[in-house]
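K.L.:
With these hints in hand, go ahead and build the complete structure from the sequences.
Protein chains: 2
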Amino acid sequence: MSYDKAKVRKVLDAVKAAKRDSLTAPEGREVCEAYGIAVPKEGVVTSAAEASKLASSMGFPVVMKIVSPDILHKTEAGGVIVGLKSADEAATAYDTIVANAKKYKADANILGVQVQQMVKGGQEVIVGAISDDSFGKLVAFGLGGVLVEVLKDVTFRLAPATNEDALSMLDSIQAADVLKGVRGSEPVNREVLADTIVRVSQLVSDFPEISELDLNPVFASASGAIAADVRILVNFSPKPARFRPEEKDVVTSMNRIMRPKSVAVVGASNESGKIGNSVMKNLINGGYQGKIYPIHPKEAEILGHKAYKSVKDVPDEIDTAVFAVPAPLCAAALKECGEKKIAGAILIPSGFGETGNIEGQEELQRIGHEYNIRLMGPNIYGFYYTPSNLCATFCTAYDYKGSTALSSQSGGIGMAIIGYSRSARMGVSAIVGLGNKSDIDEDDLLLFFEQDDNTKVIAQHAEDLKDGRAFAEVAKRVSRKKPVIMLKAGRTAMGAAAASSHTGAVAGTDRIYDDVLRQSGVVRAKSLRQLLDFARGIPILPTPKGENVVIITGAGGSGVLLSDACVDNGLKLLKPMPDDLDKAFRKFIPPFGAAGNPVDITGGQPPQTYVETVRLGLDDDRVHALILGYWHTIITPPMVFARNMVEVVNEMKAKGKVKPVVASLAGDVEVEEAAQYLYENGIPAYAYSTEIPVEILGAKYQWARAAGLLPK
Amino acid sequence: MSYDKAKVRKVLDAVKAAKRDSLTAPEGREVCEAYGIAVPKEGVVTSAAEASKLASSMGFPVVMKIVSPDILHKTEAGGVIVGLKSADEAATAYDTIVANAKKYKADANILGVQVQQMVKGGQEVIVGAISDDSFGKLVAFGLGGVLVEVLKDVTFRLAPATNEDALSMLDSIQAADVLKGVRGSEPVNREVLADTIVRVSQLVSDFPEISELDLNPVFASASGAIAADVRILVNFSPKPARFRPEEKDVVTSMNRIMRPKSVAVVGASNESGKIGNSVMKNLINGGYQGKIYPIHPKEAEILGHKAYKSVKDVPDEIDTAVFAVPAPLCAAALKECGEKKIAGAILIPSGFGETGNIEGQEELQRIGHEYNIRLMGPNIYGFYYTPSNLCATFCTAYDYKGSTALSSQSGGIGMAIIGYSRSARMGVSAIVGLGNKSDIDEDDLLLFFEQDDNTKVIAQHAEDLKDGRAFAEVAKRVSRKKPVIMLKAGRTAMGAAAASSHTGAVAGTDRIYDDVLRQSGVVRAKSLRQLLDFARGIPILPTPKGENVVIITGAGGSGVLLSDACVDNGLKLLKPMPDDLDKAFRKFIPPFGAAGNPVDITGGQPPQTYVETVRLGLDDDRVHALILGYWHTIITPPMVFARNMVEVVNEMKAKGKVKPVVASLAGDVEVEEAAQYLYENGIPAYAYSTEIPVEILGAKYQWARAAGLLPK
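One line per chain: the protein sequences are A and B, in this order.
Its first residue numbered 0, the first sequence is counted upward by one per residue in numbering that gives the first Met the number 0.
Its first residue numbered 0, the second sequence is counted upward by one per residue in numbering that gives the first Met the number 0.
Some hints could be false.
Here's a subset of chain A near chain B, in silico, CB distances under 8 angstroms, partners left out [what the hints assert, rightly or not]:
1. Val149
2. Arg421
3. Tyr687
4. Thr689
The set of hints was computed from the structure by calculation and includes no laboratory data.
Bear in mind that the values here come from a model prediction, so they are computed numbers and not experimental data.
We put the beta carbon where it would ideally sit given N, CA and C, even for glycine.
P.N.:
Here it is in structure tokens:
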């Protein structure tokens, strides 16, 4: 692809010099042509002969229009003739138009007649670009027309978009089938259309001053894609780019902060009930093995640790400072931390941006930037990093170590994370509060967790992304190695309004978040529970090696609901079941057990039937994942089922047959214990739900597909 | 509205006599005209003068076509001229068409020239009708065109549809806004369009032999709605209507079955592990106070109860017979039950329709019909009716009495219902297994629960509805008194395929279920957990008196997610908050607490802040429902919050301020106990979830709106 940047620059310079904020139609055309975006052919002629020659070179039909600075209402003047179908018609039209113009205004200065290719047929689509405060340049694609305006069926990608991104856009709209040809109409040329999208995305990326661009409509057909109308808006004074430290510097700082050799508690206290007391207790009782330095203006010792008046008095290097002083004292203390070359400040105190104290928060940011000290918060509960037994928080200590790293923008949600995690005995590597995100945000955490061997999955709650582009770029890379899950709050207009009254975050359009998160390989959770369920289940499940899912169920009724859930979660059942495999399954189940998929082993079966069928499913290489539907009976009690399933899964694992297995348990209360046992032994399982286990498997698949680990 | 039935009858009789299965275009027109459905004006003329006169009477433009049995390809013969715009053009066209026809075929028998009004402009829509095996006649509405074909944006209602139904259809399609006028186009005439829908629905209801009808397109504009094309298919040998006993007979039988004075156990057993033994034990241990008659060929006594060889030997009336004998013995035993005039047989045994033994099941149905004995099952776990302490099942006894009646088509799902109910301590009036539904089905249960004062809400799991129309009719009435909730399994094609391999049920199109259930006031659960959560929460919540919901939250982050959930669940936040009310709330919260709705009281508040704000919300008549977001802190621990909330809700209830309140609890594991306490005291509450409590409130609202209890 060759782009004539100089040509665009020249056009934009002229627009800037003229102090305009939009391009004229001819300027728009020129810009498009410079970037190889097809526009209708056109030209101005000054004789009938020229008109027929030019029109013939374009192909018919053409439209012809008078060109005269003195005639504004061309149609009224008889200066427009559409649908000209031959060289002769074009020649005649030239004479007619000029005659009409003279009749309309005898002294009009006639510069000539414009001949323009009439583009029609094919499918009307829209290709556009916008500038988003968080994500920067985005390219958009949708179908044209009234219906789409009503249905808002438009999809976005970060610009510049790759050819693959662009092709995926054609499939991401609800009405995608229209492009494939319906009612006998020809399918559009996907390559050409995708190419147009790529070129638009490159154009706005190369020229950030293009704030908005609309090709509407683009006529997409089997042969090509032509932009019939071009609208370009410009903004020559965009806001300055957000400061972004180098990735390696982020990682260095974050490692010191999250895995500190020493921690200072600014505002440590001997007084029970004080935050500075809770933080101290959590550090000590959590089992943190590094050095703890309480900072207090008067006390000599706090909870058995020698106290200092200032961090500067500590005769040792400090990595992390946890703040537990009132907001007005933070700035001075932070400065001292900076002078002490502390890597990060955990700013628990509230009373900053969230209460309208923007200035106070900006002061902290200035100090942080000046001294290269990273800020977590303010307005947070702190953080946990379990591999270091580090509870740098005023909340209670957390005790189940594992490989899930969680973060939340909100303290309340953070508490819900802690409660759920503890209740479900979810193994956690970290829980981090981000609060007002004056500095450290989700992408900083991603960079840390990316290289943290203790973390296998990252789950984040966010109300906004201060720098969506930075997040997307990092997430795209990280998510190929470790699943990244996000609960984006403020999805709805109402939610976004609540978000902005809460932390001052202005939520972007949800569709943009949805598209960009998907483009970045991030699995999006739809609800708080789903975030928690995904965080718990995804790291436990092995990555599937293919798309073929088989349901094995004792309850036919569960089989139906599990099948529904598969469709809802984008899972593909192995169908039709290969004859030999079907026959093999039938060997183990009663003659009236249902064939195919779900494999319905029927209700009254002994444990052995579950075991045999599950073993077969795990053994056969055409099966890539199993969903189990258990039905509580006297013959196969819940814990017997659970132990048998864990056994057969482990037996096959030893033989190299490692596949994701999830389970739905229908039965009396004993199934809860069985579900917990299954979960703790590698099989995400839920009592009384056919949906949740399938959602988790679906999320694992979604991640694996995005990470390129599954055949497309 | 006047309908010319005689005219339609005459057309259909002619079609039947001709052994055709579809109507010609003129026949279709005639039928439409007889029912007042507007079609383009047309007529046949035999002179140019007639042509211009007729065309003028219709209004222009018109299209004219040759009418000749000898000319099949009219266009090829030059026999069609479109877009005629004046009387003169029509006259000329007449001559041209006749001349062309003669030129094309000199000896053609020319009957005249058809003049037809050309309908154009406005919005293309589709009005149609289909015959569904379960629901019978359905009327359909959608937008015309390619996009809609792709998006399948069509809505259905039972025919005949009321005017209100028809108007609701215009709002039920995704692209509803198109009808309201977009991009400056005029809105369609809703009354006229709805009238067309009503007329179509009446037509197919009056003439069941009309199996399919399509008006496509209908041109709907500000002035009217004209069906440009009519297609009608007929079927003169429809399947006979399903037998449906009188409602009063159903209720009489169901009352005897569900609240029996005496129960026989056919196949009762002394042998532990046998189903006939489990049923006996459950009857006895469940505390059933009526008479129990074990039936056994040899035993003299079973579990302390005198046994009989046959029900016919029992010297007393029997209401309910629970079957625990193998399938092959059922028919003979059922006949004896019939002769004994037993009201109902609870057919626990499997081995019928679900295993392919259709004949065996049909035999039971014949016997049941002959002796007027109602059949529950076969292939079920039985049923519970807690007000009678009746556990007519082989499952374990159920002990939490309450007002929720549940049923399931599948045994596995039944076990999940029992397990969840027990685990959540949900008060239940009945749990019923319907299995193969050879006779008793969901609408029989609705009729019983409608008049059962022990039941306040009805929740059903179904894979199909054998008689969707009967269900819808009953549900429409019952749901106005008591909420009816349904989990329809087999929503997806994959799920439906699993359903048909499971019980032989062929699931209808899900969109039909969705529309008809909504039309019937039934709240549809999207998942098994949701069915259970709704069943538990809906009866606890008082019915709201208006749409204004207020969120009061200690965690801003929860407020955002709760707001999102409100949108997702069709709830309306009171916005903007009236000034005086806003001011009143602000009195109780810190100055940096957020204004408006959510009311963000901020995190560090004492219990009193929750109490004061909730009291205010309950007291103010402009507020109709409250959603609470709790954030676990030391200052307001979970159980303190819970007890305070229950207190203030009860305090206001005593003052006549009865409003639904739900709660989302974010915090450490102690919030689980608090949630359970809140739930048991009238406030549906969930730990670690912002979605579920709002879903429950949304479901209550959905029901209340459908039941006409809320302003529309």
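K.L.:
Regarding the hint that Tyr687/A lies at the interface with chain B, is the smallest CB-CB distance below 8 angstroms?
P.N.:
4 angstroms, holds
K.L.:
Can the hint on Thr689/A be confirmed by a CB-to-CB distance to chain B that is less than 8 angstroms?
P.N.:
Since the shortest Cβ distance to chain B is 5 angstroms, the answer is holds.
K.L.:
Once the shortest beta carbon distance from Arg421/A to chain B is found, is it less than 8 angstroms?
P.N.:
5 angstroms, holds
K.L.:
So, as I understand it, the hint says Val149/A touches chain B; can you test that by seeing if any CB pair is closer than 8 angstroms?
P.N.:
4 angstroms, holds
Going down the numbered hints, you'll see the structure goes against none, and every one checks out.
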